[in-house]
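Colleague: Protein chains in written order, with our numbering: chain A, 1 to 325; chain B, 1 to 312.
Any given hint could turn out to be false.
[Claimed, not checked] Some chain A residues flagged as far from chain B (calculated, every beta-carbon gap over 12 angstroms):
id, residue
1, Thr87
2, Gly166
3, Val171
4, Asn227
5, Ala294
6, Gln325
[Claimed, not checked] Heads up, simulated DMTMM-like pairs for lysine to aspartate or glutamate below, C-alpha to C-alpha not over 20 angstroms straight-line:
id, chain 1, residue 1, chain 2, residue 2
7, A, Lys231, A, Glu322
8, B, Lys136, B, Asp110
9, A, Lys231, B, Asp161
10, B, Lys136, A, Asp174
11, B, Lys194, A, Asp174
If you are wondering where the hints come from, they were derived from the structure by calculation, not from laboratory data.
Virtual Cβ for every residue (Gly too), placed ideally from N, Cα, C.
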Amino acid sequence: MRWKPLAVSALLASMPLLVAMAAPAAAQATNPHTWVASYGNDTLDCAYAVPCATITYAFSRTARGGEITCIDSLDFGAEAVLNRSVTINCLGKTASLRGRVGAPPPMIRIHLPATDTVILRGLNFEEFPVAWFGMVFTGAGTLIVDRTAVIGGSSSRNGILFTPSGPAKLVVTDSIVARHGQDGTGAGIRVMPQPGGTAQVTLERTKVSGSQFGVAVDGSNSTGGINVTIKDSVLASNVNDGVVATTSAGHAPIGVLVSNSASTNNGYGIRAIGSNVTVRVADSDIAGNGTGLATASGGALLSSGGNAVRANGVNGGFTGTEALQ
Amino acid sequence: MKLSIVTAIVACAAVLAFQAPARAQNLHSWVASNGNNANDCSRASPCASFQGAYSKTNAGGEITCVDSGDFGNGIFNQSVTVNCEGVTMATASFFLGGEATDTVILRGLDIDATGNTGGSTVRYIGSGTLIIDRCKLSGRLSSDGGINFTPQGAGRLVVTDSIVAYNGNGSAGAGVKIIPQPGGSARVTLSRVKVSGNTFGVAADGSASTGGINMTVRDSVLSSNANDGIVATTSPGHAAIGVLVSGTASTNNGFGIRSIGPNVTVRLKNSDVAGNGTGLAALSGGALLTFGNNRVRANGNNGAFTGSETLQ
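The following block holds chain A by itself, in its conformation from the complex (with noise of 0.2 angstroms):
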């Protein structure tokens, strides 16, 4: 199946909005750690006795650097624009954004100056018809997802969608991402810098399954660069991809190195496209795939040994080595 671009310019247009809207909180937000409760109050100062309820509230009375925490399992909203940094921890309890009839999509959104870290911690997002991206990512800075669950809907777009304008980063670990996309469009995590925009990405522990595509890189929007490493991660049953990374003539090369993972059971195990893109896989197994291992307009796909490709429809194969050190 064609890789199918989305069209994010329509997505983008819409941030400087929502970011001028959220601004103005900031000006009340001095508490340092604030929390919230299914049974919160959102007119309250967001302490630990007497909690808020929302995500958006909370975030507007946190001080730059602060945490939001949850007391116990909660909905708390969505639709937060998240424009400065803050860590939301709910680790241990049920703290589930999840989009609304009518809502646009996302239901996150992170737009940070370069100097500033998001950090997303113990959540469940849940995507549906109505809310086609688990978290969007524009602007620069920094992104930590970790613990984290992004479920999508039946219709659902991506999960993350990582979109920077500017220099950024993206770790995501100890995660699981499923069941994003439909009709041949959509990924769990979905890698694309737009002008002005380079991505530096770490998975780790990472779960991407039961998507149309797992891992999607692609270039093709930027000339900044994108760097991605994948580790002790499974990418398994995506109707297109384990992993894709693809760029187009002139714009962003593409690094991605995949470190003792496995791509299993997907339409492509692994697939580099384009002639700036180097796609490097070691002690990892690619197996019951349509076709393992794919290449197509000059993309590069190097063995760093240990590898195992079997039992695909296709194996397909590497074609290059590259030495350990």
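Position chain B against the provided structure of chain A, taking the given hints into account.
Modeller: Same frame as chain A, but now just chain B:
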């Protein structure tokens, strides 16, 4: 509750027939120990059972648990997520189906079947995808066991970060049993799964289908099962089976790994086979291939590979 195939299918049909007009209210439903199925399953007024919540949840929606409790069994046949990470529940069974485009996700379910000798804790009969993550399934002392994956179409199963222990009745039943039905095939990925103390650990059986089984077992532990850590078996003219075992330990079982039948190929990479009665066994033409970096030692009988494969 004992779930036979026939009764469960009948129950499924009855439930669907009854629920069809009333479906599709919630994007997200909640159950709680103090819930009531007359409620709307919101966080503020949760429902009492998984089935009650499912009847009020959109396709692709999610059911979560407010607290620990007894939420009964679930019979689901379309995309849904049940996510109860951090709480425990009384014994429960899930009887699951769905079309090719449906994905059922079970997360964070901590289920002890309390010695129930019938059915299985999670059974899948559909043609779509089942994802099990961070679950604990124990105590189903039946001839099927913990996970019984019996797709009737092109089924896919992904199990990650889970423990499946103490299932089976002593002579039959497995922690994870893969047995596609006529017209069915199975593509299975297990990663970071602990399968211990079962009658059989992971059993792939192609004898009921011609559609094929492809399974990868990775970064997992198959330990102290009475019979096999992993067994793959088919009969002539039935489903071919390919199994890749990578970075995994099969230890202290009756058999470490067994490959039985002319269309069965089991490949081992960077794995440990130790402490079993018999480490490796290939019967009736089954192939058992090594990538050359396995440890097969300290078994009663180490056994041997039938051939080798080259790492790339």
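Colleague: Please go over all the hints and tell whether each is borne out by the structure.
Modeller: Hints versus structure:
{"no.": "1", "hint": "Thr87", "verdict": "holds (19 angstroms)"}
{"no.": "2", "hint": "Gly166", "verdict": "holds (34 angstroms)"}
{"no.": "3", "hint": "Val171", "verdict": "holds (19 angstroms)"}
{"no.": "4", "hint": "Asn227", "verdict": "holds (24 angstroms)"}
{"no.": "5", "hint": "Ala294", "verdict": "holds (14 angstroms)"}
{"no.": "6", "hint": "Gln325", "verdict": "holds (18 angstroms)"}
{"no.": "7", "hint": "A:Lys231 x A:Glu322", "verdict": "holds (17 angstroms)"}
{"no.": "8", "hint": "B:Lys136 x B:Asp110", "verdict": "holds (5 angstroms)"}
{"no.": "9", "hint": "A:Lys231 x B:Asp161", "verdict": "holds (16 angstroms)"}
{"no.": "10", "hint": "B:Lys136 x A:Asp174", "verdict": "holds (18 angstroms)"}
{"no.": "11", "hint": "B:Lys194 x A:Asp174", "verdict": "holds (17 angstroms)"}
Hint compliance for this structure: every hint is met.
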